[in-house]
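Visitor: Given chain L's structure and the hints, the job is docking chain X onto it.
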Amino acid sequence: MSLTPVLPRINKLREQEIRTALRQGIRIDGRGFDEYRSIQVTTGVVSQAEGSANALIGGTRVMAGVKIGLATPYSDQPNMGVLIVNAEFVPLASPTFEPGPPDENAIELARVIDRGIRSSKVILLEEYAPLPGKRVYVFFIDIYVLDHLGNLLDTAALASIAALYTAKIPKVEVVGDEVSLNRSVTESIRTSALPITVTVAKVFDHLLVDPNLEEELLAEARIAITTTERDTICAVQKMGSGAFTRQEIEECVELAFKCRPKIEEALRLAIGHA
Amino acid sequence: MQQGGGAEGQAAEEWRRPDGRAADELRPLRLEVGVLENAEGSAYGEQGRGKILVAVYGPTEVHPRHMEHVDRLTMLCRYHMAPFSTEERRRPQPTRRDIELSKVIREALEAAVLTERFPRSMLKIFIEVLEAAGGTRCLGITLASLALANAGIPMRDLVVGCAAGKYKGRIVLDLSEEEDKEGEADMAVAIMPSLNRIVLLQMDGELTREEFFQALDLAIEGCRRIHKMQVEAIKRKLQEGLALTPPTEEKE
Numbered sequence: 001m002s003l004t005p006v007l008p009r010i011n012k013l014r015e016q017e018i019r020t021a022l023r024q025g026i027r028i029d030g031r032g033f034d035e036y037r038s039i040q041v042t043t044g045v046v047s048q049a050e051g052s053a054n055a056l057i058g059g060t061r062v063m064a065g066v067k068i069g070l071a072t073p074y075s076d077q078p079n080m081g082v083l084i085v086n087a088e089f090v091p092l093a094s095p096t097f098e099p100g101p102p103d104e105n106a107i108e109l110a111r112v113i114d115r116g117i118r119s120s121k122v123i124l125l126e127e128y129a130p131l132p133g134k135r136v137y138v139f140f141i142d143i144y145v146l147d148h149l150g151n152l153l154d155t156a157a158l159a160s161i162a163a164l165y166t167a168k169i170p171k172v173e174v175v176g177d178e179v180s181l182n183r184s185v186t187e188s189i190r191t192s193a194l195p196i197t198v199t200v201a202k203v204f205d206h207l208l209v210d211p212n213l214e215e216e217l218l219a220e221a222r223i224a225i226t227t228t229e230r231d232t233i234c235a236v237q238k239m240g241s242g243a244f245t246r247q248e249i250e251e252c253v254e255l256a257f258k259c260r261p262k263i264e265e266a267l268r269l270a271i272g273h274a
Numbered sequence: 001m002q003q004g005g006g007a008e009g010q011a012a013e014e015w016r017r018p019d020g021r022a023a024d025e026l027r028p029l030r031l032e033v034g035v036l037e038n039a040e041g042s043a044y045g046e047q048g049r050g051k052i053l054v055a056v057y058g059p060t061e062v063h064p065r066h067m068e069h070v071d072r073l074t075m076l077c078r079y080h081m082a083p084f085s086t087e088e089r090r091r092p093q094p095t096r097r098d099i100e101l102s103k104v105i106r107e108a109l110e111a112a113v114l115t116e117r118f119p120r121s122m123l124k125i126f127i128e129v130l131e132a133a134g135g136t137r138c139l140g141i142t143l144a145s146l147a148l149a150n151a152g153i154p155m156r157d158l159v160v161g162c163a164a165g166k167y168k169g170r171i172v173l174d175l176s177e178e179e180d181k182e183g184e185a186d187m188a189v190a191i192m193p194s195l196n197r198i199v200l201l202q203m204d205g206e207l208t209r210e211e212f213f214q215a216l217d218l219a220i221e222g223c224r225r226i227h228k229m230q231v232e233a234i235k236r237k238l239q240e241g242l243a244l245t246p247p248t249e250e251k252e
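Here the protein sequences come in this chain order: L and X.
Using the working numbering, the letters of the first sequence correspond one by one to residues 1 to 274.
Using the working numbering, the letters of the second sequence correspond one by one to residues 1 to 252.
With the rest of the complex left out, here is chain L (with noise of 0.2 Å):
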């Protein structure tokens, strides 16, 4: 069940002046319609984790961690390893956060970024079942939002890539039918892409990357494309109550494509393949 959403209302006088600054070109913030703030990515921040980061953009801050276990597969793919993907709006990130089971929101990025990490193939499921049908490994990746300036999708996503390229997975030891983790032997990821989100709000008909809270506010939709190294697209999200034109989709990705080193080597640089 979904309702219509109450949302923080942002002052007449401000919605003015930011509409006049965009019809000039600038955004409040000073940046340019395709300019990030500034990216920073640490790994390792939680040691108990078996991959964990945490991703900055601009002053949106979210943290990832990833656990692995073992589990029984799903009946429909019982050759592969589970991945699970949740986000947590943790209230002390944000006024407008409550405490309580993951709501719409928190579900819709979770399942955002599930798809763009399945898609992609950032960890490939299918080497990761040791007794298939039986025993397989399970990736848990919990999102953890912990401060909310907008554009939470992208700063998920940096956060949940950089733990899982990030992660010790523990090799697996099988003796007949039985398989346990030996988590004192532990290898990197098997993986097959590197996929980037980025985020495009239309705010007063201007197309505007990485938008900050304000301009989330008042944008009339958003979009939120992830791209792979290989230049395909492999996730797509329209989000908000607003629409777009064919035209409009198209600079979209073009903004996608053009915005990904900028961020891709933000986490290069913190996965530490160059």
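Hint data in this document are derived by calculation from the structure and do not stem from the laboratory.
C-beta atoms are modelled at their ideal positions from N, C-alpha and C, and glycine is treated no differently.
Watch out, some of these pointers could steer you wrong.
Subject to a maximum C-alpha distance of 25 Å in a straight line, what follows is the list of computed BS3-like cross-link-like pairs (lysine-lysine) [stated by the list, open to error]: (1) Lys121(L) to Lys168(X); (2) Lys181(X) to Lys121(L); (3) Lys134(L) to Lys181(X).
For each label pair, taking beta carbons as the anchor points, the in silico distance ranges come out as [stated by the list, open to error]: (4) Pro119(X) to Pro101(L): 27 to 35 Å; (5) Ala23(X) to Thr191(L): 30 to 38 Å; (6) Thr86(X) to Phe257(L): 35 to 43 Å; (7) Asp177(L) to Lys181(X): 53 to 61 Å; (8) Asp19(X) to Lys12(L): 51 to 59 Å; (9) Arg120(X) to Phe257(L): 41 to 49 Å; (10) Arg156(X) to Glu229(L): 13 to 21 Å.
Guide: Chain X in isolation, oriented as in the chain L frame:
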């Protein structure tokens, strides 16, 4: 296989959709408006094996009260799959998928409804998938906008949904459940056809830029064809209404 849409030449004979359709062919589609007694508006549709029923209630008072908007309508949307709608029984509780789809469908419909006409009011849209066969969110949207029209809710345009995707190397229209499972990519699109606006766009799988826009354009083309059927369905309902109106001379 790498080429996507342009594989006509070499593999034309090998390539075949499971149900024998052409790449740009829709499944048989049936739309019906005004099928429920209680609801203000309703619609029923079948697409291949898929069966969906949609009801619209309202506008009513807003409940819970704190979800009220002083300047516009509060829309409630529930996308739900019946426990018997899939091969394996589903638990009747909403899944994470149901919650996400309810949100994107609500947002798509909100783009069309003149929400500013109904301050402090609430409109409820219930989408029940009775049998799932791929493309249920798109058919759900198509039917929801018919049910809204049937309820007399003013809209900028109808909303119509259609999926496209990539199946065994080719861009195809309106994926069936089987094609969705085995295919390389899936894209759900909903548009306002007269205003030429995209109100829902979701994609997963992997597509090149060229394939992405090929799929998008094919889905939009599918939406346009379905839109014609939507208009026909509304006309049929209106004509039926006229036929049922008692002739004036009988009154005395």
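Visitor: Next, verify each hint and record whether it holds.
Guide: Right, here's what the structure says about each hint:
In summary, the hint linking Lys121(L) to Lys168(X) is supported, as the alpha carbons are separated by about 18 Å, within the 25 Å threshold. This hinted pair checks out: Lys181(X) and Lys121(L) have alpha carbons roughly 16 Å apart, not beyond 25 Å. Distance hint between Lys134(L) and Lys181(X) is fulfilled; the C-alpha atoms sit about 22 Å from each other, no more than 25 Å. Checked against the given bound of 27 to 35 Å, the beta carbons of Pro119(X) and Pro101(L), roughly 31 Å apart, stay inside it.
With their beta carbons about 33 Å apart, Ala23(X) and Thr191(L) fall inside the hinted range of 30 to 38 Å. A beta carbon spacing of about 37 Å between Thr86(X) and Phe257(L) agrees with the range 35 to 43 Å that was offered as a hint. For Asp177(L) paired with Lys181(X), a C-beta distance near 30 Å fails the hint of 53 to 61 Å. Between Asp19(X) and Lys12(L), the C-beta spacing of about 55 Å keeps the proposed range 51 to 59 Å intact.
The given range of 41 to 49 Å is respected by Arg120(X) and Phe257(L), whose C-beta atoms sit roughly 44 Å from each other. For Arg156(X) paired with Glu229(L), a C-beta distance near 40 Å fails the hint of 13 to 21 Å.
Checked against the numbered hints above, the structure violates hints 7 and 10; every other hint is satisfied.
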